Amino acid sequence: MNTHSKTSFIILAIVTIVSVLLSSCGQATPTTAPAQPGTQAPLANQATVAANNAEKVKLSMWGFSGSSDTFTPEIIKRFEAQYPNITVEYTDIPEDTYPTKLETAMMAGAAPDIATLYKMEWQKGGKFVSLNDLYASQNVNLADVDQGGLFWSSYGGNIYAVGSFTSAVLLFYNRAMFDAAKLPYPSATEPMTVDEYAALAAQLTKKGSNPEDTIYGADAPVPYWWSDYRTTFSEDGTSIDGIFNSESNIHLYDVLAHMVINGDAPSTAALTAMGSSSRQDLLVQGKMAMVITDSQATTVSCEANHIPYGAAPVPVAEKGDKPWVFAGTDMEGIPAASKNIEAAKTFLAFYLVEGNKLRLENGDLPYNMKLANDLNWAGTGDTVGRQSELTAINLAGPAIIVPGMWDVVAPVDGAYQDIIDGKSDTKTALEGIMPQMKATLATAWETWNAIK
Amino acid sequence: MNISITKLKERRHQPWKKNNLEEKAAYLFLLPWLIGLMVFILGPALATGVISLTNWNMITQPAWVGPANYIKMMGDANFWQSIRVTLYYMVLAVPTLSIVGLLVSLLLNQRLPGMNFIRTVLYLPAVLSGVAVAVLWLSLLNPDAGVINSALRALGIANPPNWLNDAQWAVPAVVLISLWGVGGNAIIYLAGLQNIPPGLYDAASIDGANDIHKFFSITLPLLSPTMFFVLITNLVGAFQVFDIAFILGGSRGGRGGSLLFYLLYIWNEGFRSSRMGYASALSMVLIIISSLVIVVVVNTSDRWVYSEVEEK
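Those protein sequence lines, which keep their order, are chains A and B.
Residue numbers for the first sequence follow our numbering, beginning at 184 and rising by one.
Residue numbers for the second sequence follow our numbering, beginning at 143 and rising by one.
By construction, these hints were calculated from the structure, which means they are not laboratory data.
Treat the hints with care, as some may be off.
[Said to hold, decoys possible] From the structure, some residues in chain B lie toward chain A, with a derived Cβ separation under 10 Å:
{"id": "1", "residue": "218"}
{"id": "2", "residue": "222"}
{"id": "3", "residue": "267"}
{"id": "4", "residue": "287"}
{"id": "5", "residue": "307"}
{"id": "6", "residue": "310"}
{"id": "7", "residue": "392"}
{"id": "8", "residue": "416"}
In this text, all values refer to a predicted model and were calculated from it rather than measured experimentally.
Note that the Cβ used here is the ideal one computed from N, Cα and C, for glycine as well.
Chain A on its own, in the form it takes in the complex:
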């Protein structure tokens, strides 16, 4: 190597090494230790609101409530009026990018002070602060809150989030359509079997010459997301053998698929042709007598459009199966890397109490179900609909933890469509995707178990 090349090589080598070192200086060192379950992370620069009320604190809050959300700006406004030294800056992030963005921020030590919980891995990994003391300090009895929402907010005996509303996946029906057909309303306490559901749908369907003119008796979406997770996974969430391909579950999928085939429930193409963006739209428009959908949006929509509605737990596979209601709440928590934990707790304490009251004012069912009963939520609006909804939601209970569940069940949509399209019988379709589901489930548990 001649002198010129040697010099150039040395210079380039030095530049390379320095640059690699610079680019490898990765995460900012967090100023807090990771929170352990049950403890609060010690901080060097906590803003202690009680100690110094004159100190100005600015809290950053991330969520994905959407641009049409009026609740969050209002609760922030009320909080700032009561605590003028604390300001809360809310950033709305699209839901599909929210988990990635928050995880990246947590890795970089730039997490917000308040954020919506999204993955149970964050609770398990100690990325959020335990809020057990907060519930106690606000005299909120854990038995009084929505149990489904409490389940998703907790892990390992600790609660990591507070909520303001309760929403559930229920079977909603148009009472007027049932009255016109002289059919009894579904029970709010005892779920129908899927066969009863299909028979009822057949009685309510009025077929037209095309999908736009047809009135469908019911909805038949792929069941993995609305039925009990225990119809897909074992109680410990680690297996699907003998559960997903059980006779009972195969029957569930078979009956629902045939509802679509028989024209008693709309196909994907029909839904596209009808141009509806949500299932509650079809209920409100009188195009579908029964839908399986979210309670918060449906109640608002039905009452706003003066549609008499009712609610019931979703259908089950067989008589005697336990009623299942998936319930949840907005889960606001405090990332462990927050630099303003005390001020953030002050906000969440306000959120837990005043947030629930604000939800009631807006007509939503609050997270605190005792408050809903005490202030007679079911006695306003469509009282028959609300009472049935409240009764059904009270059936909600703990779900099961399945890490990466949505990835595991991803192939089920295609299999369900194959059944509807007649490309496969139900048993073959479901068993055909099980190897892929099992492989994904195994990998998901491996990742989950590595989080300590």
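Fit chain B to the given chain A structure using the hints.
Using the frame of chain A, we list chain B on its own:
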């Protein structure tokens, strides 16, 4: 100025001598780019290599696992599916885009009224956002209500393809969407065509060559460097398909993984499933595969790319 060859050679090998200001200036001007290359490309690439040897879930500290991620890849059905989908797209799209681009450029090279306007219109799709294009085509390719299938039915095709809902037609649908942006390739070819000296065509005409002779004997050989460039950029583009696949097939790669392109799979593993170590290993494999492909193409280019440099 009278400088001996010896003195020039000395200066060349002693760049730090005061009178070699020009060489110093050259290195100084190169330095920002070099630093950028190291900090933003080579540095992260090296870091990716290191992370690929760990089990990092982005929640707890990375744990060293050695080559376990690479071994796991061999038995990962989704990995092989993503390789199949990406290679299938490459085999369909690269030749199609190259050939169609060339044909379009030959048309654009005609001297006709309004040609500038036509060139602008043809190039426009290439500058649109990939996400916007994908959302548009999602509607166009709707099997029941989309314009494409409605047109096919009007032409008498009773059962047009299900496009994105059919594993066999999903990748051809993406190729179709890519063809919509062929204006970019055509403009590059057009520049190459307009660099061919017209005198060669005149000389060929005098010698009795017809249009086909001229195309294969003059146009293609002299356009071969441009074709080589387009081939490389299309190959690189094929490895980088992400936004269209994400919008059309969702984050899980469409029906039966028919749109599980490699980059989408890396993103899923790293950012949705929080398996950054494994995603880094996938990235390293992508670097190796794409480098091999490019190296093969470059090394074989001598046989078909015309160069005007005389052989010594």
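Right, here's what the structure says about each hint:
| no. | hint | result |
| --- | --- | --- |
| 1 | 218 | 8 Å, holds |
| 2 | 222 | 12 Å, violated |
| 3 | 267 | 25 Å, violated |
| 4 | 287 | 6 Å, holds |
| 5 | 307 | 8 Å, holds |
| 6 | 310 | 13 Å, violated |
| 7 | 392 | 9 Å, holds |
| 8 | 416 | 6 Å, holds |
When held up to the earlier numbered hints, the structure conflicts with 2, 3 and 6 and fits the remainder.
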